[in-house]
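2 protein chains.
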Amino acid sequence: MQNTPKALRLHIGIFGRRNVGKSSLLNALTEQPIAIVSDTPGTTTDPVEKTMELLPLGPVVFIDTAGIDDIGALGEMRIKKTMEVFERTDLGLIVTEANQWGEFEERLKNILKEQKIPFVVVLNKIDIISPDEEIIKRLEEEKIPYIAVSAEKRQNIEELKELLLKIAPAEWFNPPTLVGDLLPAGELAVLVVPIDLEAPKGRLILPQVQTIRDILDSDAYCMVVKERELRDALERLKRPPKLVICDSQCVLKVVADTPPNIQVTTFSIIMARFKGDLPTLVKGVKAIEKLEPGDKVLIAEACTHHPIADDIGRVKIPRWLRQYVGGKLEIDVCPGRAFPENLADYKLVIHCGGCMLNRREMLSRLYKATRQGVPITNYGVAISFLQGVLHRTIEPFPYAKMILEDN
Amino acid sequence: MQNTPKALRLHIGIFGRRNVGKSSLLNALTEQPIAIVSDTPGTTTDPVEKTMELLPLGPVVFIDTAGIDDIGALGEMRIKKTMEVFERTDLGLIVTEANQWGEFEERLKNILKEQKIPFVVVLNKIDIISPDEEIIKRLEEEKIPYIAVSAEKRQNIEELKELLLKIAPAEWFNPPTLVGDLLPAGELAVLVVPIDLEAPKGRLILPQVQTIRDILDSDAYCMVVKERELRDALERLKRPPKLVICDSQCVLKVVADTPPNIQVTTFSIIMARFKGDLPTLVKGVKAIEKLEPGDKVLIAEACTHHPIADDIGRVKIPRWLRQYVGGKLEIDVCPGRAFPENLADYKLVIHCGGCMLNRREMLSRLYKATRQGVPITNYGVAISFLQGVLHRTIEPFPYAKMILEDN
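Residue numbers (the numbering used here), protein chains in the order written: chain A, 1 to 407; chain B, 1 to 407.
No false leads were mixed into what you were given.
One copy or two, it doesn't matter: identical chains are merged, so the pair holds either way.
Calculated cross-link-like contacts (lysine-lysine; reagent style DSS-like; alpha-carbon spacing at most 25 angstroms):
(1) Lys242 - Lys401
(2) Lys137 - Lys161
(3) Lys347 - Lys328
(4) Lys290 - Lys347
(5) Lys238 - Lys226
(6) Lys347 - Lys401
(7) Lys226 - Lys242
(8) Lys253 - Lys238
Read the hints as simulated data drawn from the structure, not as lab findings. Keep in mind it's a predicted model, so treat the numbers as computed, not measured.
All chains should be modelled from the sequences, with the hints used to inform the complete structure.
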């Protein structure tokens with residue numbers, strides 16, 4: 001289903017005594033019955049690994065451990081296996097019953113602290129057990145993030161996911177490469193960079209510079225051309241490039257000028273993947289097909305720039321949307337750091353590229369919409385869609401393409 | 001002699017009454033008898049244009065005007081011609097005798113002010129006339145730059161040149177193109193960018209970005225490769241590129257990997273031309289041939305960076321110099337904003353690229369050395385010279401190449 005290598009997934013270890021509801025919690029988080037759920041202590045006999053897309057975090061591996069308070073021969077084996085789990089854990093959950101905190105949990109806490117693994121304490125079963133005030137007081141004193149949930153009744157599960165996003169290690173939010181995985185070593189990409197009035201004098205914009213550098217870091221190389229010179233540049237080559245990456249504003253001309261055997265995408269789509277979650281954005285953009293005149297759409301901008309005459313968010317996208325829908329839409333613009341909590345009135349949210357946000361913030365915004373059932377996309381994906389070329393520009397990303405084609 | 005188009009030269013208009021010594025001043029500035037010098041009023045009957053390299057300003061056109069206080073039919077013609085000169089003047093000189101300031105000079109001053117042309121008042125003939133205190137007081141009140149000189153005796157002529165550098169319009173110091181003149185529209189340049197520990201993470205260094213942008217602005221395009229991929233990149237092309245530009249640190253490999261029919265230069269040489277004066281730097285570098293063990297060399301750095309283990313100015317260039325000279329040199333390093341006034345002890349000054357200096361400052365430093373008869377070059381030109389490839393890397397610049405080959 002997904003082609004993220006396991007090593008690049010966030011590994012989330014679930015620790016706790018037998019029968020505190022670890023496997024139920026995993027089921028609640030993933031909303032799939034992937035682990036055996038039972039109220040007989042010790043049913044989970046081996047660490048079970050499950051890979052999946054866990055919004056808002058993205059590609060993760062859950063590691064469900066056996067209860068390490070077990071005794072006896074089998075128990076010893078289990079303890080050893082559980083201890084090995086810490087070594088590959090990026091993010092820990094200590095699951096306990098809401099009124100239970102003993103030597104065992106202390107030991108887990110100390111191991112996680114020593115190994116500098118960020119973790120959260122999940123006080124489970126609040127549908128049948130009241131959280132212990134004393135435990136909460138101690139966690140707060142030690143500044144340990146905690147949350148009271150009911151895995152069984154799915155209470156506070158969404159809040160737990162948001163908490164995981166908050167405490168996930170910072171480096172998780174910096175994927176290792178912009179385009180390196182799309183471009184084998186020794187291969188060539190062509191970057192199409194329009195030079196217009198918005199281009200900073202004597203410079204390139206940051207995503208373009210980052211992409212060039214990323215290509216060189218990947219032992220590949222690139223051509224940099226304006227859209228007008230693209231045809232000549234392609235004709236000058238004995239072998240076609242692996243990939244053409246263009247600015248969204250010239251995507252129509254670039255798609256037209258690039259032979260079908262060469263993949264084409266846009267800097268916006270590259271950055272959308274790097275900075276957010278491309279499958280979510282592609283899923284979101286399909287909502288445009290269902291928009292009807294009068295529907296409410298939110299345009300969300302992360303910065304408060306001075307809008308120019310032909311502003312992409314204020315002018316161009318609203319115009320293309322109206323043309324697509326064939327009537328007026330109710331379009332709100334929300335600029336700056338404030339992103340509305342309640343999005344339920346909107347049929348679609350279209351977010352800017354988010355150059356002012358870090359990946360954690362962007363994922364958090366995407367998730368705010370997703371958990372309210374509101375489709376969310378961004379400028380880059382929306383522009384390709386509205387220009388009718390998203391099928392082409394999403395080609396380099398098979399999973400996102402599958403979502404686009406899925407009905 | 002030079003291939004700078006006339007339109008790109010700084011036009012310096014010389015204005016003043018008949019017989020104040022305009023033509024003598026021009027001779028003194030240029031040290032060549034290019035205008036008729038005479039003490040009969042009105043010998044210069046037409047605006048005479050002279051193109052030349054005037055250090056420290058670079059390529060200039062001097063426009064020597066006829067005296068516009070002339071009367072009669074011929075005089076009217078002359079006045080008209082002189083007035084036309086203002087229209088193409090970037091920098092004005094009002095030449096007057098040191099005790100002479102009347103309605104005529106006021107008129108010149110007002111025209112220059114109205115047309116927002118920067119100018120300097122030259123109080124001439126101080127060898128025979130004392131400057132008038134009243135005139136100087138008025139100029140100072142009006143904040144008009146002035147200088148008292150004797151064109152005849154060449155007094156204060158160097159100071160006048162430095163004053164011209166100070167008041168020349170700021171845009172003069174930003175040449176219109178980095179490489180656009182080397183690269184016809186539609187042509188291809190290959191940029192070779194080593195990615196080493198010094199490269200900023202996820203970025204390119206500014207001269208590389210500026211060069212890419214300049215190439216696009218010139219309706220040309222480029223390939224960006226690491227040195228290891230250069231051969232493959234060149235082989236992938238049906239037609240060779242017009243120019244290869246590489247980082248100085250990989251120039252030997254790049255020269256070796258680039259067929260002789262393709263021009264090669266370095267980013268440092270490109271920037272040396274953009275930011276300073278390439279002919280001066282090439283003239284200066286030849287002094288390395290004459291260095292002998294024990295000679296004093298000054299390494300001048302414009303910034304106070306923390307030197308790294310293999311620092312180019314502190315370690316690499318001194319080492320190559322010693323190898324070239326075959327013995328120890330006395331090498332001083334002068335970091336930061338302070339550039340010594342007295343350079344007479346040095347057999348050579350090697351300046352850094354000057355990324356922290358603007359072009360006006362760099363030209364002023366070059367001139368400080370030149371007027372003291374001390375050869376000056378910079379890191380980029382010196383590296384190509386010491387690696388034995390300057391003849392190749394200077395090829396795109398015919399005038400500088402001529403200076404290199406001139407014995």
